[in-house]
Structures are given as C-alpha cells and as structure tokens.
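Peer 1: Numbers given in the working numbering equal positions in the sequence shown, counted from 1, plus 32.
Worth double-checking, as some hints may not be accurate.
[Claimed, not checked] List of simulated lysine-lysine pairs, DSSO-like, C-alpha gap at most 27 Å:
1. Lys-248 x Lys-117
2. Lys-155 x Lys-117
3. Lys-74 x Lys-248
4. Lys-248 x Lys-258
5. Lys-63 x Lys-86
6. Lys-74 x Lys-63
7. Lys-86 x Lys-116
8. Lys-117 x Lys-156
9. Lys-156 x Lys-116
10. Lys-74 x Lys-116
11. Lys-155 x Lys-116
12. Lys-116 x Lys-63
13. Lys-86 x Lys-155
14. Lys-63 x Lys-117
15. Lys-155 x Lys-258
16. Lys-117 x Lys-86
17. Lys-74 x Lys-117
18. Lys-156 x Lys-258
19. Lys-156 x Lys-86
20. Lys-258 x Lys-116
Note that these hints are calculated values from the structure, not bench results.
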Amino acid sequence: MLGRMPVAEALALLARQGYDAYEMFDWRDPKVLETFVAERQKYPLVCECLVGNKGVTAPGCGLVNPREREEFLHQTSLAIDAAKKVDCPQLVTLTGNELGGMPRSEQMSNAVAALRAAAPLLKKNGITAVVEILNTYVNHAGYFLYSVRDGAELIDRVGSPNVKLLFDIYHVQIMEGNLIENIRSNLDRIGHFHIGDVPGRHEPGTGEINYRNVFKAIYELGDRFKGAAALEYGPLAPLERNLAEMREMSNFA
C-alpha cells in the first residue's frame, strides 16, 4: 500500500497514525533494507511480515516443482537473514503456478515436501512461513494454491507450527467467499491476513465485503489469533484519511 513512498516517510506516517506494524516487500534491494534497519529504531513499529520467495512465477517460487526446491530453500534462507535484521517473525511464501501434465495430488505432495524441508530452518530461527492463497480468476491465472480447502490440507500435511496460511481476504472472496466461516474454521492454521475489497482491490467499504463484520468475527475469536492484518490495496481516498478510517473500522477493543 505504501510501496511507492520513501521508507522513512512511510514509517513516520504509520507511527503518526497509531499503527504498530508493517509488512515489507522490497528487502532484496540492499539500500532499502539498510534504510528499514536504520529507520525502524525511531518508531514503535514491528515488521510483521516480509516476502520470502521472489514472486508468483519467479524461479525459486515453485513449491510444486521439485526441481526448484533447492532454489526455494536458498531464497528462504536469504529471507530469514533479512527478517532477523528487522526482527520480523513471518515470511510470505508463494506456491508458484501449477505444472501442466502433473496431477494436482502430486503437486500438493511436492509442496508439502518443500515446506517440510524448510521447516527446520524456520524453527531454528523462530520464523513462520505463511503460504498465501491467491485468486486465479482475476489476478493470478494458473496459481496452484487457490482454495481454502487446499490450503488447510497443505498446512495439516506439513504439520509444523512454523508453516501457516496467509489468508488474503480479497483473493478468497473472489474464489469462494464464505469469509467468516472460512476464517472461524481455519483460524488455528492462519498466521497472517491481507486486506482489500472486491472488486478493484481498493480499501474496505468500496466493494462488496462487509469488513466490519469480518473484523468483528476475528476479534471475537480472541487469543486464538495473535497475528496481524496487512492493508494490501490501492486506496481511492486520500491516504491519511484512509489510514484513520481503517483504524476506526477495525477497532473492537
């Protein structure tokens, strides 16, 4: 959401608006990472999550392709090193796209094996990989992990407390909806949320999702969820006004 804003300016804005955490994407640029390391000392902000593997279709992203496993583990190791510099506890992890000609059941087993291989390194460093569900209808045609059901199967089969789901509310709404029940029944598997409204991927209140009810449902589940929700959308309203409105909308304390 603040990706185009200079790091120092973005962190200052979040602190001024009363936020306590942020998510980081561009850590592979050494200068950007150095700036985060320096600026984070100035504000009471936690880096809650950063992107682990490079992208949806980038080499090393493919959990479903055993030929990419070595590169996936290498990228995860690099991301862990970056995460430790900013005391970040979670890595966004992407499965990559489906492999043509290979049964989904075999691809699922490959993804399980890749995450099991990463789990000891994650555990050793006190970091959790959160595997993201994406939609294939609008944004990511061909992506492997597009359903909550498959996400739950993946997490259960990996069987590690250091591997959980990233429940992107925007993507799940496009693919299947039933948001509150999906969240309630899978909360113990979820480590992180992404937020955006449908259609258009703008701020809550611009589309069809009743975010007040979604936030209330998460809040009412109490200590079962101790993670965070990242604002991942392009706001239509002026930025500072939108940040203030989001604070008010999600405040059920």
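Peer 1: All hints are to be evaluated individually against the structure, with a verdict given for each.
Peer 2: Each hint tested on the structure:
no. : hint              : in the structure
1   : Lys-248 x Lys-117 : violated, 34 Å
2   : Lys-155 x Lys-117 : holds, 17 Å
3   : Lys-74 x Lys-248  : violated, 32 Å
4   : Lys-248 x Lys-258 : holds, 15 Å
5   : Lys-63 x Lys-86   : holds, 17 Å
6   : Lys-74 x Lys-63   : holds, 18 Å
7   : Lys-86 x Lys-116  : holds, 18 Å
8   : Lys-117 x Lys-156 : holds, 16 Å
9   : Lys-156 x Lys-116 : holds, 12 Å
10  : Lys-74 x Lys-116  : holds, 18 Å
11  : Lys-155 x Lys-116 : holds, 13 Å
12  : Lys-116 x Lys-63  : holds, 16 Å
13  : Lys-86 x Lys-155  : holds, 21 Å
14  : Lys-63 x Lys-117  : holds, 13 Å
15  : Lys-155 x Lys-258 : holds, 18 Å
16  : Lys-117 x Lys-86  : holds, 18 Å
17  : Lys-74 x Lys-117  : holds, 15 Å
18  : Lys-156 x Lys-258 : holds, 21 Å
19  : Lys-156 x Lys-86  : holds, 22 Å
20  : Lys-258 x Lys-116 : holds, 20 Å
The structure shown violates the earlier hints numbered 1, 3.
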